[in-house]
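Asker: In order, the protein sequences belong to chains A and B.
End of the first sequence sits at 550 in my numbering; the numbers just go up one at a time, nothing left out.
End of the second sequence sits at 1459 in my numbering; the numbers just go up one at a time, nothing left out.
Hints listed in this document are in silico derivations from the structure and should not be mistaken for laboratory results.
Please read these numbers as outputs of a predicted model, since none were measured by experiment.
Built from N, CA and C at the ideal position, the CB exists for glycine as well.
Zero decoy hints are in this set.
Reference excerpt, derived from the structure (chain A facing chain B, CB under 7 Å, subset only):
| no. | residue |
| --- | --- |
| 1 | L317 |
| 2 | R339 |
| 3 | I361 |
| 4 | I363 |
| 5 | T364 |
| 6 | S379 |
| 7 | E384 |
| 8 | I405 |
| 9 | V407 |
| 10 | S408 |
| 11 | T451 |
| 12 | Q452 |
| 13 | G470 |
| 14 | E495 |
Over 10 Å on every C-beta distance to chain A, these chain B residues come out as not near it, computed from the model:
| no. | residue |
| --- | --- |
| 15 | A1331 |
| 16 | R1347 |
| 17 | L1364 |
Quick list of the computed label-pair ranges, beta carbon to beta carbon:
| no. | chain 1 | residue 1 | chain 2 | residue 2 | range |
| --- | --- | --- | --- | --- | --- |
| 18 | A | D259 | B | S1445 | 52 to 58 Å |
| 19 | A | P413 | B | K1449 | 41 to 47 Å |
| 20 | A | P350 | B | K1456 | 32 to 38 Å |
| 21 | B | A1346 | A | T390 | 44 to 50 Å |
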Amino acid sequence: MTFIRMTFIRRFFLLWTGLVVFAGLYPFQAAAEYDYINISDPFLNKTPVAAPVFKNMAPETTAPALAVEAADLVQQSLEFTGYFQMIDRAAFLEEPSAKGITGQAINFDNWTDIGAELLITGGITATEDFLQIECRLFDTFSKDMLFGKRYKGRSDDLRKIVHRFCSEMVYRLTGKRGIFESDIAFVSTATGTKEIFTCAFDGQDVKQLTQAGSLALFPAWSPDGMAVAYTSYQNDRPEIFIRRLDQPRAEAKISYKGINITPVWVPGTDRMAATLSFEGDEEIYLLTHAGKIDKRLTKNWGIDVSPTFSPDGKKMAFVSKRFGSPQIFICVLETGSVRRLTYAGKYNTQPDWSPAGDWIAFSSMENGRADIFVIRPDGEGLKQLTIDSGSNESPSWSPDGSMIAFSSTRTGTSRIYVMTASGTDQRILVRADGAQTDPAWSPGFKKY
Amino acid sequence: MKKGNLYVNIFVMTLMLCFLVTVSACSKKKPAVDPMETYPSESAMTGADAEAEAEAAAQALAEEELQAERETEAARQAAREAALKQEEARSAFVNEDIYFNFDDASLSADARMVLKDKIDWLRNNPNATVLIEGHCDERGTSEYNIALGQRRAESVKMYLVNAGISPSRLSTISYGEERPVDFASNESAWAKNRRAHFKIQN
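Throw the hints in and build the complete structure from the sequences for me.
Answerer: Written as structure tokens, this is what we have:
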């Protein structure tokens, strides 16, 4: 085997209601011995995967193009994660769409010969208002089926189903849920003023969330993925609005004298923190779910701004100018003790604590240009992820901590980009009119 | 009958007396003129005199009026000048920004000089309430810059309050780096954008 297989701890299979597990699940003990993703450097040593065209299971009602579209979507989705290297179909030695998609029909040597370590076969049945897809994931060396599932949905559920499969696949290989059901909120000037927009994790399905024609900034997701908080100047001053995605307009508002900016939810709670200046000094406050002040978290004359919390909600990283230049600090909420996290550079802001807990991303500015860095919460392991490519700002972790969304001016106008947590596979995410800034990645599970 | 004669005599005498008086008065100016004709002529003379007098009076009045007009005009001019000055002061108040150093909300000597004019204007316009906007240049990150802009606005407000301007007349807002006056990406643009700007609200 060319890849390093490592033991990994993984959670038991989650029950997916509404889905039919039709093949024997890969035994936990056996699966636990394998890790198809090299966890020490998964993005540099990508796992080679083959995703041939799906088999058309009902040619009388299913358009042949749909079988190709489904396989293409699998390919794009897996490629997006940065974990996989998708093998060019021109190299394939056999066609499961003709030969068969089950283990018995596959000659695994044909797949190991072209370097594929994993093989995905799929079958598709479509009618006018119904779509059924079955997918199998094989280990081409052990010839084992790692898992197989059948999905049923409406005819326009192709993306949803493929993402559900990819999500499951990434979960089984990494132990983490992945990004396939997440969204990204961002600020765009497409309509002439800054408004909040959302899109799917892969930049598709762009939707405009706010329509105030004013200035909207700093989107943040609630832990349940059901609401977005943001700062808006729609009443001619910076106030925080909370917009539930199933509601037509923002209902709640945080509006103290002075500025009300950088809202963020404390993970796993309905409480928020934000930067307020009603006491004449920019400080970070913990707020109740109703937006009332619970307590002041920072106590220092000097700008304190941009809170972000550890996944357990016990620590907060934030930006403070207390020692002259903006730097990132960590506050332990229970004791109130504060220590400085960043020392290199004179302008370190925009911290985002990874939902996996192991890194804090931030932007560091020099000569007017910023770059994205990551650092361990204990101050070790400082790494620069962007370099010589315009100004790179506003890092936001994917819900599984495997990727980072950010804004970059590398091609001129600011656009939203994504990269892996190692800084590899940097590419543009959203192509839209105007400038896009300030991405915020949502929690990973199914929303509204 | 006797009594009737007496009345006639008195009437005639009075008439004569009247006539004599009239003739003697008239004879002083134009003795040769038939008295019967002098009356209207004398009356015309008196009218001309009155007319001239009236004319003179009218002229005097007219002069007075012009003078008043001139005074009004001067006052108007002065008012115009004052208004212009006021407008200039107002426009200087609105257009002269307070500038800051990078990542700094403290007031330089230059900034304090400009603020002295602001204080004068606020004292001369005691009913005015103003909004102080804090702005930043594009360098730096938008979150931090909103905080920094707020600090700039507050630092200006504090200076005015310390100079005796009522805080109730002063409000602040920060736009961070969102509302530059110069969109270029160079030192001179950045210097122009790091500012506190005044807006009169009433």
